[in-house]
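Novice: Each residue of the sequence shown is one higher than the one before, starting from 159 at the first, in my numbering.
Derived by calculation from the structure, the hints in this document are not laboratory data. Hints may be right or wrong, so weigh each one.
[Unchecked claim] Pairwise CB distance ranges (calculated):
(1) R366 <-> P324: 46 to 52 Å
(2) M238 <-> G175: 28 to 34 Å
(3) P210 <-> L165: 36 to 42 Å
(4) L404 <-> G430: 17 to 23 Å
(5) L242 <-> G175: 20 to 26 Å
(6) R177 <-> I221: 31 to 37 Å
(7) L195 <-> V429: 38 to 44 Å
(8) R262 <-> F394: 51 to 57 Å
(9) F288 <-> A336: 56 to 62 Å
(10) L404 <-> L165: 31 to 37 Å
(11) L161 <-> F288: 40 to 46 Å
(12) R460 <-> L242: 32 to 38 Å
(13) D363 <-> S219: 22 to 28 Å
(14) V434 <-> G283: 40 to 46 Å
The beta-carbon is built from N, C-alpha and C at its ideal position, and this holds for glycine as well.
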Amino acid sequence: MKLQTPLGWAASRWTVGPRALRWGTTAALVASVLIVLGGVTVRVTGSGLGCPTWPTCTEDSLIATPELGIHGAIEFGNRMVTTLLIAAVGWAIVAARLQSPRDRTLTRLAWSMFWLVVANAVAGGFTVWFELNPWMVAVHFVLAMGLLACATFTWHRARWRGGEGPRPSAASRGLAWALVAATVGLVLAGTLVTGSGPHAGDSKDVPRMGFDWTVVVLVHGCLALVVLVLAAALAFRLRTEEGGRLALGRVGMFLLVLLAQLAVGTVQSLVGLPEVLVVLHVVLAALVWVGALRVLLDTDPRLWAVRERVTVDTSRPPQPSRA
Numbered sequence: 159m160k161l162q163t164p165l166g167w168a169a170s171r172w173t174v175g176p177r178a179l180r181w182g183t184t185a186a187l188v189a190s191v192l193i194v195l196g197g198v199t200v201r202v203t204g205s206g207l208g209c210p211t212w213p214t215c216t217e218d219s220l221i222a223t224p225e226l227g228i229h230g231a232i233e234f235g236n237r238m239v240t241t242l243l244i245a246a247v248g249w250a251i252v253a254a255r256l257q258s259p260r261d262r263t264l265t266r267l268a269w270s271m272f273w274l275v276v277a278n279a280v281a282g283g284f285t286v287w288f289e290l291n292p293w294m295v296a297v298h299f300v301l302a303m304g305l306l307a308c309a310t311f312t313w314h315r316a317r318w319r320g321g322e323g324p325r326p327s328a329a330s331r332g333l334a335w336a337l338v339a340a341t342v343g344l345v346l347a348g349t350l351v352t353g354s355g356p357h358a359g360d361s362k363d364v365p366r367m368g369f370d371w372t373v374v375v376l377v378h379g380c381l382a383l384v385v386l387v388l389a390a391a392l393a394f395r396l397r398t399e400e401g402g403r404l405a406l407g408r409v410g411m412f413l414l415v416l417l418a419q420l421a422v423g424t425v426q427s428l429v430g431l432p433e434v435l436v437v438l439h440v441v442l443a444a445l446v447w448v449g450a451l452r453v454l455l456d457t458d459p460r461l462w463a464v465r466e467r468v469t470v471d472t473s474r475p476p477q478p479s480r481a
């Protein structure tokens, strides 16, 4: 008797259509952005220790109590967003596994989202236990960006059709990879800006990273300009390349979001980091990261061919060997 996982057993009896899969991966991607929004809201409102322990809110209560005030409510609300994220990722996992034919790469990507959610939740717990240590906060944010990347790949894979037809040149694909690498540097520099500046996440004094805030802001800004130049160069090349129309549209969208991000970042630095602009800046950072990955995936539509689309037709039982 062959042992099966619960999802394997379900897949042998039922299937769901591509539409359910697309909705599930979209929900997971949106929820991953909401996690970033919740985290920055906690930080700018000084609610990072609104729930003083983890995984419960207090030693005696799983949820926020009236004594914790507005900070407790905000932090507990942020934790509840994780519940929404888990539901969305679970939907994506089940929908991916119940596809026929089965796409193993898609299923693995969906499960990778789940494990990144777990890692991010644990990092959030350590952040509370270490009383908002800025390095732990940075790790927490980087894991959230990792989850966003995985959610983007899963979303794209659910809509992938094989990358047939002409594709942009090798030079354009190289620029797309450079764009993603520069965006990684931009995100990492952003964590140093956050860890060295105000809005530490709690109303009391919280240790900072110790870098000169003006210097790290300048480094962060220079990296943003590098990303801008790379995106503009890629758009210039794609204008005349066969197979570059989709990628060109994606780069255009990316440039719009990036320019908005640059404008918000510049203004917030000049006017004293008002909370609303900080929140907007971080959410735009998440969208810039997703956008850079989308540019890469559409500039190199055969990227998934590095590992061929492995599918298993679950609608028919395996045929016996005739050897």
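Novice: Of the hints stated earlier, which fail here?
Specialist: 4, 7, 8, 9 and 14
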